[in-house]
Amino acid sequence: MMRTVFLILSLLLLPMPTLAGSAEGVWAQAQARQLWLHDQWLKLGHYKAGAWPGSWRSHADDARFFLAADGAVNPRAELQATLEALLAPADAGDDHAQCRFVARLAWLRTQLPLDAIAQPDCAAYREFRSGVRADRAVLVFPSYYLNSPSSMFGHTLLRLDAGEQGEGGEYLSFAVNFGALVDPSDNGLFYAFRGLTGGYPGQFEVDHYYKKIRDYNRDENRDIWEYRLNLTAEETERLIQHLWELKGINFAYYFFDENCSYRVLELLEVARPGVSLTEHFPLTAIPIDTIRAVQSAGMVTGRQFRPAQGTVLKAQLDALPADLHDDVQALSQDPQRLLAPPLAQQDAAMQAAAVATAYRYLRFTQTGTQRDPDAARRSLTLLRELRARASALPSDWGTPDAGIAPDLAHGSRRLSVGVGREDGVRHASLGFRMALHSLHENRDGFPFGAQINLGNLELRLEESAGLELDRLDLVDIVSLSPRDRFFTPLSWAVQTGVERQWVAGDVHRAAQVNGGVGATVALARGLRTYALATARVEHNHGFRDPLQPALGVRGGVLAAWGRLTLHGEAGVEQFANGRNRVRWQLRQNLTLARHHALQLSVDGHDQRLGERTALGLQYHLYY
Amino acid sequence: MKKFVAGAILLAASSSAFAEAPGGPNCGWGNMLFQGQSGIVPHFLASTTNGTSGNATFGMTSGTNGCSTSGKLTYGGKAMVSAMLDELTADVAVGEGDTLTAVAVAYGVAAEDRAAFAAMANQNFEVLFPSESVTADEVIASLEALMKADADLAKYVS
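Heads up: the protein sequence lines correspond to chains A and B, in order.
In this text, residue positions in the first sequence follow our numbering: the first is 1, and each later residue adds one.
In this text, residue positions in the second sequence follow our numbering: the first is 1001, and each later residue adds one.
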């Protein structure tokens, strides 16, 4: 009772500087309103509700982010400690809480009477803030790159822009990137393990955007999609203030959930109070899905395509007659070729196009290599020739077609139901896939020839046997990049999981890991054929010695005509114990609508005991 | 025990590969381990994806500080020219492009003067890029000298 009276009194006395300016006074007001449970306070502290009702845990994994000893799990104590620290004498300079926790202070000022508090000189923050020229933000998605599985889900970061929109200053903008602090002495396996299990701390990095363009567009050859956000100048300011608070602060980094894209969502939640973005991602935060979440929150106003180096080269090659391709390649090696037929006979526009493409190709081949003085000399010669003819180039010559944006692709998760028949036994099939895309599925928004699947479970219900595990793919990646005289990628596949296998007439659930390397050739637009040499390790109780390695080959055809795609493949394997296995499969996919498809499948295998064929028809729902 | 030995050999092999590979701390671990663009291993382990690059910088102010010595080229412009010299050279040769525009923006060249800026750079390609070993600093110095000599553009470098 006394306490309530005191609270009411303190509220009445609010305008009085003596009490309002004291830590006790503002804390009393904060208590009266339970301000530590305010959504914005919880977001500024990166708090998430814990397992116990009323318990909290911050994602920030760093004592420096908290002023209270138990601040990481106690937003109330953290608020009290923050208020005390904010009101402390102002002689601490840059170490003062007002200088460290700029966003907290800015928000608390809107909630509590803090106008009269003594203000320290925050020189470090002032310098930082004056260096950041930004009043709006862009969400950036470096897209999937067909040949790089570590790009399999893309990535997201933020770009902070200044100046007039569309004036071309994006190279000078700042990029805000959340990434793991990787110990460079860790080897690849260790890296993968720690990345998945949260073994690396993650931190925010703020750096120039041109470095991201260089990293993604040039070095990794990935297209970049940029989604303009409608953050106001005030919201952008809040974001920058909070970034300052996060400088050097560690978060546990998890590849699947608490990753780059998740943290970007948290930043946007701080920037625009009241918006809920992270709640959609309790388990996994697939970057493209986080972009869709930001879109559905009404924060995206447009998208822009920034093509990769290789995408531009392909477009330039496509804009040239195919019979000049040999000469363009030769030209990149020897600029003198311009003086000889057939290039010498071309008009200025065609010559300019050939030189521009040859230069582009030469630089493409030099990416990631040590500087080669001879290549540099040839590059400069080609550019001199280009300059002499550049005015003859049509203005939009060789500009890549952006195609369908990745946010317009089918949903990442898939549910499937269907019916099938195998060895005369009918079954119903049921499937769930966590992510993301198979070779034969609706290719809109995905690179053709890429398959990136995680967590694919397929069950079947048979009249006699009940519910059975048909297969479980933990990881299933295929990359079929076609080779030609300009691009020479290897094709490859990696898969691991549990699947049904037949040994001596019996079905076994075999755990296996397999991979393959080979080449793909584009026979025509939308038609590819490939062959891979494969290796496999299988744990199968049907074998006398269950763990068996195998070597083999597999090859197939992938075709796409509008809504219809077809993928056929056959493979053979020889196990160390002498057994052979032959299998073939056909997948035909009919896209009904963006998130709906019908799949017809035929599977066969032969293990000496007679051929078996399975037929299936499935409906796929993507969401 | 056999498995452990195999693991240890793999560890040793990849750390020695790392030690020999060139590349700075910003190349990403994949590139450092396996230099080069082709092949499966570098792609499988490519670096900057999904935010798993080794990024220790919070370099908002470094760009400004780094280029404040170079005339009016502010907020990261000089470092940008250095990092994107390849692209800039090609843009100057054609007389248009993103990096050329970005340099104009960095100098504060007003929208109505951008075309003149691009044309000036294009016409002086040989002055800006006299040899294949020209450095970013030299390109910037030549560019500023050319701008000073240009009636419309002098005001941006004075």
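Treat the hints as calculated values from the structure; they're not laboratory data.
This structure is a prediction, so every number in the text was calculated from the model and none was measured.
We put the CB at the ideal spot given by N, CA and C, even for glycine.
Please note that the accuracy of each hint is not assured.
[Said to hold, decoys possible] Computed spacing ranges between beta-carbons, pair by pair:
id	chain 1	residue 1	chain 2	residue 2	range
1	B	S1131	A	S296	51 to 59 Å
2	B	A1111	A	S296	52 to 60 Å
3	A	W561	B	T1135	38 to 46 Å
4	A	V475	B	P1130	51 to 59 Å
5	A	T367	B	S1131	41 to 49 Å
6	A	A349	B	E1138	26 to 34 Å
7	B	A1111	A	D372	33 to 41 Å
8	B	E1138	A	F432	45 to 53 Å
9	B	E1138	A	A124	50 to 58 Å
10	B	A1145	A	L283	26 to 34 Å
11	A	A319	B	E1138	29 to 37 Å
[What the hints assert, rightly or not] Covered by chain B, per the in silico footprint, the following chain A stretches (three or more residues, Cβ under 8 Å):
id	stretch
12	168-180
13	208-214
14	554-568
### Task
Check, residue by residue, whether the stretch 208-214 of chain A contains three or more positions whose beta-carbon lies closer than 8 Å to a beta-carbon of chain B, and give the verdict.
Coverage by chain B holds here, the residue count being 5 at a Cβ distance below 8 Å.
### Task
Note whether the CB distance of E1138 (chain B) and F432 (chain A) lies within 45 to 53 Å or breaks it.
60 Å, violated
### Query
Taking 8 Å as the C-beta cutoff, is the stated coverage of the stretch 554-568 of chain A by chain B satisfied by three or more residues?
violated (count 0)
### Message
Tell me if the beta carbons of A1111 (chain B) and D372 (chain A) are separated by a distance inside 33 to 41 Å.
### Response
39 Å, holds
### Task
Please test the hint of 52 to 60 Å on the beta carbon pair from A1111 (chain B) and S296 (chain A).
Violated: the Cβ-Cβ distance is about 35 Å, outside 52 to 60 Å.
### Query
Is it true that T367 (chain A) and S1131 (chain B) lie within 41 to 49 Å of each other by Cβ?
At 22 Å between Cβs, range violated.
### Message
Does the beta carbon distance between E1138 (chain B) and A124 (chain A) stay inside 50 to 58 Å, or does it fall outside?
### Response
For E1138 (chain B) and A124 (chain A) the Cβ distance comes to about 34 Å; the hint is violated.
### Query
In this structure, is the beta-carbon distance linking A1145 (chain B) and L283 (chain A) contained in 26 to 34 Å?
59 Å, violated
### Query
Taking the CB of A319 (chain A) and the CB of E1138 (chain B), does the distance hold inside 29 to 37 Å?
34 Å, holds
### Query
In this structure, is the beta-carbon distance linking S1131 (chain B) and S296 (chain A) contained in 51 to 59 Å?
54 Å, holds
### Task
Examine the stretch 168-180 of chain A for residues whose CB is less than 8 Å from any CB of chain B, and state whether their number is three or more.
holds (count 10)
#### Entry: E1138 (chain B) and A349 (chain A) - C-beta distance against the hinted 26 to 34 Å
With a Cβ separation near 32 Å, A349 (chain A) and E1138 (chain B) satisfy 26 to 34 Å, so the hint holds.
Going through the hint list in order, the structure does not satisfy hints 2, 3, 5, 8, 9, 10, 14.
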